[in-house]
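Guided by the hints, dock chain B onto chain A, whose structure is given.
Number of protein chains: 2
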Amino acid sequence: MRSLSEILLEKKMDHALLTSLASVRYFGGHTVSIETGPSPFAPLASALVWVKGQEPVLFLAEIESADDVDAGIRTHTFPGYTYDRPLRSLEELTTLLLDTFSRLPPSIVGVEMADLPAYVLESLGLNCRHLKFQDITLELAGMRAVKQEDEIRAIRSALKLCDLGQATVKGRISPGLTELEVFSEMRKTMESAAGTRLPLLADLVSGVRTAGVGGNPGASELRNGDLVISDIVPRHQGYWGDTCNTCAVGEPTDEQRRLFEGIEFALYEAIDRVRPGVRACDLDSQLRQRVSALGGTYPHHSGHGIGLTFHEEPRIVPYNQTPLQPGNVVALEPGIYLEGQWGLRLEHTILVTQTGAQILSEFKHSL
Amino acid sequence: MRSLSEILLEKKMDHALLTSLASVRYFGGHTVSIETGPSPFAPLASALVWVKGQEPVLFLAEIESADDVDAGIRTHTFPGYTYDRPLRSLEELTTLLLDTFSRLPPSIVGVEMADLPAYVLESLGLNCRHLKFQDITLELAGMRAVKQEDEIRAIRSALKLCDLGQATVKGRISPGLTELEVFSEMRKTMESAAGTRLPLLADLVSGVRTAGVGGNPGASELRNGDLVISDIVPRHQGYWGDTCNTCAVGEPTDEQRRLFEGIEFALYEAIDRVRPGVRACDLDSQLRQRVSALGGTYPHHSGHGIGLTFHEEPRIVPYNQTPLQPGNVVALEPGIYLEGQWGLRLEHTILVTQTGAQILSEFKHSL
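Chains A and B supply the protein sequences, listed in that same order.
Take 1014 as the starting number for the first sequence in my numbering and just add one per residue.
Take 1014 as the starting number for the second sequence in my numbering and just add one per residue.
Just to be clear, a hint being listed does not mean it is correct.
It does not matter which identical chain is used: a pair holds within one copy or between any two.
Unchecked claim - Straight-line Cα separation of at most 30 Å, DSS-like style, residue types lysine-lysine; simulated pairs:
#1 K1377 with K1201
#2 K1201 with K1173
#3 K1065 with K1173
#4 K1183 with K1377
#5 K1377 with K1173
#6 K1183 with K1201
#7 K1183 with K1145
Simulated from the structure, these hints should not be mistaken for laboratory data.
Chain A on its own, in the form it takes in the complex:
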């Protein structure tokens, strides 16, 4: 597993300015809150600066808690919220960054071009003409595709919350409840267990909506005979978990049982095939063939890496010829959807080990 210094060296870069939520957590330990969108107080809440030969520095808006910053990371705060003078958080952060970067000799700085506000790059560009800024996003994504021990532990914690969520959905669904009511119970159980609010991406759809893969819970009432897809993706301490179950309100039909068992078989067969060196596209193709043999298909990936974002490398998709590596954490999620009727999908998150796969999610899918 390569370090940031190695990546910079390989890409002939000298320094780095990292501003994505993933990088700030990965290299600095700090998790930025995301549930309410961009902050009017601090549009960029945090930035990590890595100057060649120096320890990294995490610039952190004062409104952010520094409790989770990794030991050994130097922290500089900058104003976030102010009421005695105008809000100028982004400008003040940029001034601090200029102070660092303007002192450097001519050199190349790796940046994350999709996650850096144009304001910052323009100011740096105008005031530091001796520096070149180059995108390092893809290299960082490649690096993060192989997880370290502490990352696997963090993903396991998020998956424990998924397990709880799945048990709640399975235990609670009954005719007359709305999707939102089931969702609310599920989220409450998970948040109570975590002792905190959780950013939560979730498909929770019932009835004919299951034919459309997913979506947010709505006001639809569950009825006897409905399937419910619950794809639960919470973020806990910066890391995401991801599992999906499909269950029936009342008694499932024979056809629903047949396809549930078929998808479950396909999923476990794929998990059995996982080992280092297996190409993502081959895993994808085998899953699609198996679902095709059941008489259906799915209009989405077969799986994806998960960690500091809820969809990352390695993507398990037709074009991706990358071989799996030990340390990849992958959510596999074959499904089958009958147009205008219903659909189902089952998902586990697994770790690629030296010899195969270990399932990190502990719940049992149950129709």
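Same frame as chain A, but now just chain B:
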């Protein structure tokens, strides 16, 4: 109320490329989902392009629903999620933007520098050397400080959800429940009424935590004698509502009653003083004096504009000499905090009318 064309003319700009969530909703009608952070599929989900003399065009990632786009807005979609080829949403959007901007004669484009990814501005800069890009953020914020009729209706809808949320908190608090459990009930009521998930910023703190102004709900159990601050800020169809109440678990003390009544008096007195021409700083100062006379203070603004963001102009703060104008929608929120003991805060959202203020939130504060 000025139009975008008037602002561009006044600032000697010709065109605009608008990428903030607020602008996309304001000029295009589309609300971008925010609860789960930046999308790995489409880092920039939407952009509005306004070329001089032409109708505006909304560029929209395919994963976004176009159902809410304003009639009369031309929509161009670009790939968001793909599984048959690599994710390149931002690159593909940028190609479309280049296609528009590279054809223009030498001219000036207004952009939102804090809400535009550096990737986009750099590509435009390198490939359209005949164009200048200038920040238009402050002018747009000034424009949005005066609300139109449909915006006031939207804010009222969000405030109705706040009213429901406040009633739920007041009705539910009892010893032994955790902050998270009360929060969960409150959110469920609001989401059920809205029929959809709601982005929700909320202070829900109890006991000694109320002395610290606010914070997310946690695992603390309510106890007899606690105060509970519930500051509820949901986003509904793009617009935010904002109210705050403070209530007691069990019987409040005489001192709690005295300060509750004092803050309530201060709030209504300030509302009575609101009219066009009153300067924000004077309203702020009167509120601070009144709270000071009660024997305390508050380490935050006295109020703020609310609309497409949860904190905008006019800020009711010491430095802001801007006079209030008809159409401003302002959340006023004096509070008082006794260090290490408890605090309380009360808030209403009001509309500045031609002759005074109209309270848009309908609940009654109740200790």
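*Please work out whether the CA atoms of K1183 and K1201 approach to 30 Å or closer within one copy, between two copies, in both situations, or in neither?*
both (15 Å within a copy, 19 Å between copies)
_When Cα atoms must be at most 30 Å apart, do K1377 and K1173 count as within-copy, between-copy, both, or neither?_
within (12 Å within a copy, 41 Å between copies)
_Intra- versus inter-subunit Cα pairing at 30 Å for K1377 with K1201_ = both (21 Å within a copy, 28 Å between copies)
*Taking 30 Å as the upper bound on the Cα-Cα distance, should K1065 and K1173 be classified as within, between, both, or neither?*
Neither way: K1065 and K1173 sit 39 Å apart in one copy and 54 Å across, limit 30 Å.
*From the Cα coordinates, with 30 Å as the cut-off, is the pair K1201 and K1173 best called within, between, both, or neither?*
This pair counts as both: shortest intra-copy Cα distance 14 Å, inter-copy 23 Å.
_My question is about K1183 and K1145: at a cut-off of 30 Å on alpha-carbon distance, are they close within one copy, between copies, both, or neither?_
For K1183 and K1145, the Cα distance exceeds 30 Å both inside one copy (54 Å) and across copies (57 Å).
*For the identical chains here, do K1183 and K1377 meet the 30 Å Cα criterion within one copy, between copies, both, or neither?*
Intra 11 Å, inter 40 Å, cutoff 30 Å: intra-copy only.
Comparing the model with each earlier hint shows violations of hints 3, 7; every other hint is respected.
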